[in-house]
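Asker: Residues per chain, in single letters:
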Amino acid sequence: MSFRKVAAIARKEYFHLIRDFRSLYLAFFIPFLLILLFGYALSLDVDRIPIAVVDHEHTPESRDLIRRLNASIYFDVVLYPESTAELTQHLDGNLAAMGIIIPPGLTADLKAEKDSPLQVILDGSDPNYAGNARAYITAVVGQWNKERLVTFLNRQGQEPVQAPVEARIRVWFNEELESKNFIVPGIVAIIIMIVGALLTSLVIAREYENGTMETIRSLPIRASEFFFGKAVCYWFITLVDVLVAILMGQVLFGVVMKSSFWLMILASMIYISVAISLGLLISIKTKSQLVANQMAILLTYLPSLLLSDFVFPQQNMPVFLKLVTRIIPATYYIDILNGLYLRHLSFLQMWQNFAVLAAMTGILLGLNIRALKKEGL
Amino acid sequence: MYSEAVSVTDLVKRFGSFTAVDHVSFSVQSSEIFGFLGPNGAGKSTTIRMLCGIITPTSGSGHVSGFDILTESERIKRSIGYMSQKFSLYLDMTPMENIRFFLGIYEVPTNLWKECMEWVFHATRLESVRNRPTRELPPGWRQRLALGCALLHRPRLLFLDEPTSGVDPITRRHFWEFIRRLTGEGVTVFVTTHYMDEAKHCDRVVMIDVGKIVAMGRPSDIIRKALPDKPNADLNDAFVALMRRSTP
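In the order they appear, the protein sequences are chains A and B. Counting from 1, one number per residue, gives the positions in the first sequence under my numbering. Counting from 1001, one number per residue, gives the positions in the second sequence under my numbering.
Mixed in with the good hints, there may be bad ones.
To be verified - Computed spacing ranges between beta-carbons, pair by pair:
#1 B:GLU1004 x A:VAL240: 50 to 56 Å
#2 A:ARG326 x B:LEU1091: 42 to 48 Å
#3 A:ALA7 x B:ARG1245: 52 to 58 Å
#4 A:VAL240 x B:GLY1166: 42 to 48 Å
#5 A:ASP126 x B:ARG1135: 49 to 55 Å
#6 B:GLY1166 x A:LEU321: 40 to 46 Å
#7 B:GLY1166 x A:LEU367: 54 to 60 Å
Said to hold, decoys possible - Where chain A lies over chain B, by a calculated footprint (3+ residues, C-beta under 8 Å):
#8 1082-1088
#9 1105-1119
Hints are computed from structural coordinates only; laboratory data are not their basis. Glycine included, every Cβ here is placed at the ideal spot set by N, Cα and C.
Given these sequences and hints, build the entire structure.
Answerer: In structure tokens form, the structure reads like this:
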């Protein structure tokens, strides 16, 4: 392989890039936009759940419950409908995600030490959201019960009793339970796929469409020289995008990486190589920019988004899909990033992920060279 | 040193069940203009692409500049110049940038770059537009740039696939004068065309139709042999006569 030929191709590729508005836009504007969109809009945290409360009682007890709900960061009592029918309207109109009906006689039942049902209606359209809301309301009501019990016992002149078992929960790895802490690493993985694979999927197809592939074929260029000449420019651009994404994650969202920066760069470099090899392979095989672009979205961007454990947890997927996730590069890269961002893991604890990504790079490189040789290089 | 710049024997190229080139044998002498004539779809481009090492023959053998066309395609590509039928340089780059790309690919030593560039710009008369985007150049100028790029590394053997198609008569005359000068410097030129009248510029020609050679030799000899009783006939008449004979 001749370094001078690789340099000549890389230089030519650089000219194409800086003179093509679409490529520039894809390389520099899209990553910026994505990190803003994902970072601000895609929050998986459930808090400030809007509640509508129908209070048939208006007693100190019912007001105490409403106060407690409002005091919690998870709830926001936004509406006080007069009747159940009105509550239904609010739930239908999506003005509230949860309805609470304090039935007439609740206070009397409480005082009489009878069963005192409190009706809670949940909007289950988003099961994940509803599940979280249910857990929160159960906790608030449980706490209320517990405190009432203690007051009652005190009034009776008895020793306050403690519940025999109390779960003391400590959250590890993402102490604040904030989704942005794993969303930012996920965006980095998506950006690499978009810039690395989507952008490069165009570059060889373009040579076919413009007829310049015939020139390339007639010149003394080896498959490896052509491949590296094509890849090098986009490789560096993607790396720059990664650095920008990390910086934006820190500045805008306060997501700070806890482990080795260099380990993160190493992982990114390998993953970028995978993305670019994939994009170039698609480009050689499809020979058309339009088809290549769609293939790249289908084969690189969507799986990285949907199956990589970024948005949807892999634990909940059926066995077949779990197997599919094993061949998606983003799975391994996001695992490394979570290890670095949240778990503070060392290289030795994650070397398998690095090894898989490196092996993928090797296989894709081989496939690229073979495909180019078949094309007459 | 080979006195034959090109020699091929029983060259065959099939694409699936279609035979584009069917047992073609010929040889090209050093510093001659060798014409490869035939109608569109006769197999001219397929043959030239096999000779340039772009595609591999289905069967047959041959040498180009002393290198085996089956096994030494990279050395062939390094030693020849090739201009394809369709313009295929980079339109978003200037002539200067295109030329620099070729200089890099042919690994011309950097200290010779300036000299090479000046020579090419002078020979192709593109000095005034060297920094204009190639997209803005008229077709004839682009064609000269393509020729310049193919000559940049001073190959001893030049392959031109339909170099004059779509070019105006004046440019065409300039082109043939230029080619004649090149052969005077010892360069061998292999040129395909479907304009029979252009064959008069060639020292020797091969006529090909549906993948098979129908005539070979000096243009005047071919005419005399095909139509001995018509002294004023040209190659076109000869070609038509030969066609009639081969298809009963």
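Asker: Hint by hint, which ones does the structure fall short of?
Answerer: Of the numbered hints, 6, 7 do not hold.
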